[in-house]
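**Q** With chain A's structure known, arrange chain B on it following the hints.
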Amino acid sequence: MFYGVELSSRLLLGTARYPSPKVLADAIQASGAEVVTVSLRREAGPEGSGARGGQSFWSIIRALGVRVLPNTAGCHSVKEAVTTAHMAREMFDTPWIKLEVIRDDETLQPDVFGLVEAARVLSEEGFEVFPYTTEDLAVADRLVEAGCKVLMPWGAPIGSARGLNNVYGLKALRAHFPDIPLVVDAGLGVPSHAAAAMELGYDAVLLNTAVAEAGDPVAMAKAFAMAINAGRMAFAAKPLEPRDMAVPSTPVLGKAALGD
Amino acid sequence: MSSGAKVTVVGAGVAGLTTALELSLRGLAVEVIERGHAVGAGCSRLAGGMLAPWCERAATDEAVMRLGVPSIDWWLRHFPGTVRNGSLVVAPARDTAELTRFAERTEAYEWRDEAGIAALEPDLAGRFRRALFFPREGHLDPRRALPAIAEALAKRGVAIRFGVDAPDGDLVIDCRGLAARDAMSDLRGVRGEMAMIRSREVSLARPVRLLHPRIPLYIVPRGDGVFMVGATSIENETPGGVSVRSAVELLNAAYTLHPAFGEAEILELGADLRPAFPDNLPAVRRGLNGLLVNGLYRHGFLLAPAMARQAADLVERDHADLRQRRSA
Numbered sequence: 001m002f003y004g005v006e007l008s009s010r011l012l013l014g015t016a017r018y019p020s021p022k023v024l025a026d027a028i029q030a031s032g033a034e035v036v037t038v039s040l041r042r043e044a045g046p047e048g049s050g051a052r053g054g055q056s057f058w059s060i061i062r063a064l065g066v067r068v069l070p071n072t073a074g075c076h077s078v079k080e081a082v083t084t085a086h087m088a089r090e091m092f093d094t095p096w097i098k099l100e101v102i103r104d105d106e107t108l109q110p111d112v113f114g115l116v117e118a119a120r121v122l123s124e125e126g127f128e129v130f131p132y133t134t135e136d137l138a139v140a141d142r143l144v145e146a147g148c149k150v151l152m153p154w155g156a157p158i159g160s161a162r163g164l165n166n167v168y169g170l171k172a173l174r175a176h177f178p179d180i181p182l183v184v185d186a187g188l189g190v191p192s193h194a195a196a197a198m199e200l201g202y203d204a205v206l207l208n209t210a211v212a213e214a215g216d217p218v219a220m221a222k223a224f225a226m227a228i229n230a231g232r233m234a235f236a237a238k239p240l241e242p243r244d245m246a247v248p249s250t251p252v253l254g255k256a257a258l259g260d
Numbered sequence: 001m002s003s004g005a006k007v008t009v010v011g012a013g014v015a016g017l018t019t020a021l022e023l024s025l026r027g028l029a030v031e032v033i034e035r036g037h038a039v040g041a042g043c044s045r046l047a048g049g050m051l052a053p054w055c056e057r058a059a060t061d062e063a064v065m066r067l068g069v070p071s072i073d074w075w076l077r078h079f080p081g082t083v084r085n086g087s088l089v090v091a092p093a094r095d096t097a098e099l100t101r102f103a104e105r106t107e108a109y110e111w112r113d114e115a116g117i118a119a120l121e122p123d124l125a126g127r128f129r130r131a132l133f134f135p136r137e138g139h140l141d142p143r144r145a146l147p148a149i150a151e152a153l154a155k156r157g158v159a160i161r162f163g164v165d166a167p168d169g170d171l172v173i174d175c176r177g178l179a180a181r182d183a184m185s186d187l188r189g190v191r192g193e194m195a196m197i198r199s200r201e202v203s204l205a206r207p208v209r210l211l212h213p214r215i216p217l218y219i220v221p222r223g224d225g226v227f228m229v230g231a232t233s234i235e236n237e238t239p240g241g242v243s244v245r246s247a248v249e250l251l252n253a254a255y256t257l258h259p260a261f262g263e264a265e266i267l268e269l270g271a272d273l274r275p276a277f278p279d280n281l282p283a284v285r286r287g288l289n290g291l292l293v294n295g296l297y298r299h300g301f302l303l304a305p306a307m308a309r310q311a312a313d314l315v316e317r318d319h320a321d322l323r324q325r326r327s328a
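For the protein sequence lines, the chains are A and B, in the order given. All the letters of the first sequence, read from the start, carry residue numbers 1 to 260 under the numbering used here. All the letters of the second sequence, read from the start, carry residue numbers 1 to 328 under the numbering used here.
Careful, some of the hints might be misleading.
[What the hints assert, rightly or not] In the DMTMM-like style, the derived pairs of lysine to aspartate or glutamate whose C-alpha atoms are separated by at most 20 Å in a straight line are:
1. Lys22(A) x Asp321(B)
2. Lys22(A) x Glu237(B)
3. Lys22(A) x Asp186(B)
4. Lys222(A) x Glu241(A)
5. Lys22(A) x Asp61(B)
6. Lys171(A) x Glu124(A)
7. Lys79(A) x Glu124(A)
8. Lys6(B) x Asp165(B)
9. Lys22(A) x Glu6(A)
10. Lys149(A) x Asp179(A)
11. Lys6(B) x Asp279(B)
12. Lys22(A) x Glu316(B)
13. Lys79(A) x Asp111(A)
14. Lys22(A) x Glu56(B)
The set of hints was computed from the structure by calculation and includes no laboratory data.
Okay, chain A solo, but in the shape it has when bound:
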């Protein structure tokens, strides 16, 4: 549940880098995703023009009836991110904003200081902020203080396909914020990564490149959706903790004594 909105799918899908809008639309449908992220800075009209630049592109997406989560991808400062969020609210008529404030273009690592500040400004203005952050607990705490009711820690750098880089950190975050919806956002490569995130008790997964740039994005979208369901089901079924020693699954007592 994100800001009071109940969703049945635990997969959020990004809309960039697909071979075509048709493939994107098919992938969204195959995945069952109910929320898609939209990058505003490049796919929209020029800054401040209010022009609906990619109107045809978005009409294809809108026709699918999914909820749009606009993002501030590519923003490097609080001011840019806040301005982009304002544009997003106007264009998509939603208080939701996926907040990205990027520090470094090589790693696309979040600038957590700018992130917290922008989250505070936007929350005060009534936005419902989905911050793209690291797994750092103190930052997460500051974001919650700033008004965020969802946290989106990275699995690994955006587009890197490395999976969950810091499982311990992600687990700690889950343990610290049992009541805040947590979404692993970015860095996943294959469905097993998504299943692993869900097995940690994460509420959802946000993907883009892993699906968009797969050889068959539609099949990959479906594979991720299945893995997310499997992971969630496994989490709910209370998995075993790892042990150091073997535990035989067949009872050893009462074994038939063969030979002499």
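**A** Here is chain B on its own, set in the frame of chain A:
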């Protein structure tokens, strides 16, 4: 319509001119009308002119390769300036994984090592460790190719009437590109931006693609030290000039390929909207009084000959049906 009826092609971009030539070669009476005052003045002017079906296959539908491969011969036959020198794909040292991935998704290439790259492109010696070479690919200069096709049409008695946009023929083939949105609601514009630069220090014999996880770009030699650097692809239908960010990305790609491009002169920065259908593949469709050829997207020169053939096949079939019905 009678079998001798004139076919009117609307639009003198790459789609219109290739279609007109294909129809004329099949013995049909054709004329071209163009609302502007020159051939190829729309987004054809900003095209890269790469005839690279195998490279394109790495990131697009199989149809692009299938339809594109025969186009190389089509251009070689009809535009003598067409060059079949292959194309080269390189990646910066830390992104060489992108090369492997690119190779996995396509065919008809050879791996080249440093020496192999230097043998093909001496100016790139020592700059990249590995490359993919696609020996059967070609390229052309769109700004020379379309006037040459217009000239070939003129020789065949096919007129191009400029400043005219209302077709009056019996059979109309609409090749207007994005302007045909009034007839096709699923046509959209995808912004593309390019740069033309001139360098006396670097010379290349073939198009070179630079793979990069975020901004894959290419450089096409146009002769006389001129290079075309392309192209962004942005889901945005706002017209207007090249953004600073795109210009930085394009020029950076040139600089990454060879630092001497840092001293190159910027001749032109251009932006336009490519016409595309939702599947990003071109199509020949039936309209009210003829055919519509559109949606060439990023593959104008690569796929126009295939679309021209499809359109000409349909026109011929319709004429044959009509003759049969008349004689029945």
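**Q** Could you check the structure against the hints above and give me the numbers of any it violates, in ascending order?
**A** Numbers 1, 4, 6, 9, 11, 12 - these are the hints that the structure violates, sorted from lowest upward.
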